[in-house]
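J.: One letter stands for each residue in the lines below.
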Amino acid sequence: MSLRPDLDVIAHLVPEASRVLDLGCGTGSLLRHLMDEHGCTGTGVEIDPDKVLAAVASGVPVMELDLDADLGLFAAASYDTVVLSRTIQTIRRPEVVLREMARISNRLIVSAPNFGLLEHRLMLLRGRMPISRELPYSWYDTPNLRFTTLVDLEDLFARLGLEIETRINLSSTGEPLGKHLRAANLRAGAAVYVLGRG
Amino acid sequence: MTDNGALGLVETHTVRLFTAADPLVLASGSTLGPVDVAYETYGTLSADRDNAVFICHALTGDAHAAGFHPGAKRPGWWDNLIGPGKPLDTNRFFVVCANLLGGCQGSTGPSTLDPATGRVYGLDFPLLDMADFVTVHRALLDHLGIERLLIALGGSLGGMQVLEWSLRHPEQIANAAIIAASSRLNAQNIAFSAVARRAIMDDPDFNDGRYSESGVLPRLGLRTARMMAHITYLSEDAFSEKFGRTPHPERDKPGFGIDFAVESYLDHQGKVFIERFDALSYLYLSRVMDYFDPFSRPNATDAVTAEPVNFLVMSFDTDWRFSAEHSRRIVKHLENAGQPVSYRNIPSPWGHDSFLLPVQRYHDTLRAWFERTLREGLR
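One line per chain: the protein sequences are G and D, in this order. Under my numbering, the first residue of the first sequence is numbered 417, with each subsequent residue one higher. Under my numbering, the first residue of the second sequence is numbered 618, with each subsequent residue one higher.
Treat the hints with care, as some may be off.
Part of the chain G face toward chain D, derived, beta carbon under 8 Å [as the list claims (entries may be wrong)]:
1. ILE463
2. GLU480
3. ALA493
4. SER494
5. MET539
6. LEU541
7. GLY543
In short, the hints are calculated from the structure, not lab data. Since the model is a prediction, treat every value here as computed from it, not as a measurement. Glycine included, C-beta positions come from ideal geometry on N, C-alpha and C.
Generate the whole structure from the sequences, applying the supplied hints.
T.: Dropping the structure here:
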């Protein structure tokens, strides 16, 4: 099974044989891949019951927990890398979760959809909430609670003392757009960040 | 063996694992012998001996986990889980279930005759520790020629044994499932146990544990203990759903008899229980739970850190006997010791009893997790 393009990008940012905590791991496909192909160990956290079951079936250690409430369970500096992939927009307290991530690991990988994408802005100008590949839901049935542009997100990283080591801009289909993309906040559908505790 | 999910007839075996000359050395340092153990097995041990599953039973369970005894109307206590095609598929797994040391369903316990004195042990039976259950389970595996378990599995006190086993002898267990268990009883848990024990010991027929010699049983005490424990096994919602305020059909006018359906239910549970369970076993086994606190030991997780075990921990959202908090405490300690741990908190209206019931999401999870153990084998 091939990995979703954005997860493939993340997989390449995870050191070989490292211990990885994947928050919002879904069915565990990233961890399964890291365990099989990169000699990693790790744990997933997921709240959707069907996805938890799928992760159990695939043999990935997975915990059915609420990111907003339960991360205290993980010890300080207990993982080499902690991943929050396309999940930050669904949690109630992103700031608390990022702080917890920084407590659990020195190395954070965060990916987020970009609300500031040109396509989204044009829809808003026409008076409509954006619906796109990145944000495929209607306003009334979306799991997304938090909408951020890349620059707003980076402001939060800075405020939390998280240093951006790498940013990989992704197209709206999840393909890497190259590091030196200009006006990423307009043109990137999403971005993957590698963050360190500055 | 049939393919329709039924194991058919099964039988309980008994084996002497320790003798007076070669006794069991308990965690306390005292010795006990002879020690007999009642056990059942289902399925077939593979040629490579790599498909063995050990079931640890709960406080009042026994070796008869699945299938039928001749003439019995009801199957073993975990028959909904164990059998051909069931989540724990006996076409592929070899399942062992043994009555606990200190129990009363065929294994040596406080109501067994002490051959040295010719009398029942009674309160002279030594106090037990969770580690002693594990020592005896391990001796049974030796007897069966099984070096390593693919899975150790248990609910409630059974889960506590699995935890103890995994921490003490992780090299023997590839996968450990700990369900609706606790790594440390809280004051409320101990309080319930205390009242149950008091009911038993204050029964005029308890006779300092020598009741069988006088040909009596502390029936009233044991019945009260069971009735109260049963309240803690179900959730408030389960009681409401099952009984509500339905009157007992034979109530004619209000009084102090069995006026409500729930009273009839508890009365029945109490009566059935005193026919099958021993009061001394209740005292001894419940006390082991009270003292169990494995993570408080120095270097508690050193062994399992050196030889990691795949853990599955599950709780039920309406369980207030051992709430999700108890399971999360286990998860936290194991996770912090670097173990691969999966955890689920299963929605179920039935409280602590859920672990014995075929709750869909719970059984689906077990099935998926068991399948994976077969795929990965004994690493």
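J.: All hints, please: hold or fail.
T.: Do the hints match the structure? See the list:
1. ILE463: Since the shortest Cβ distance to chain D is 10 Å, the answer is violated.
2. GLU480: Result: holds, 5 Å to nearest chain D Cβ.
3. ALA493: Violated, because the Cβ-Cβ distance from ALA493(G) to chain D comes to roughly 11 Å (cut-off 8 Å).
4. SER494: Hint holds; SER494(G) Cβ to chain D Cβ min 7 Å, cut 8 Å.
5. MET539: Where the cut-off is 8 Å and the nearest Cβ of chain D is about 38 Å from MET539(G), the hint is violated.
6. LEU541: This hint is violated: LEU541(G) lies away from chain D, its Cβ roughly 44 Å from the closest one there, beyond 8 Å.
7. GLY543: violated, 41 Å
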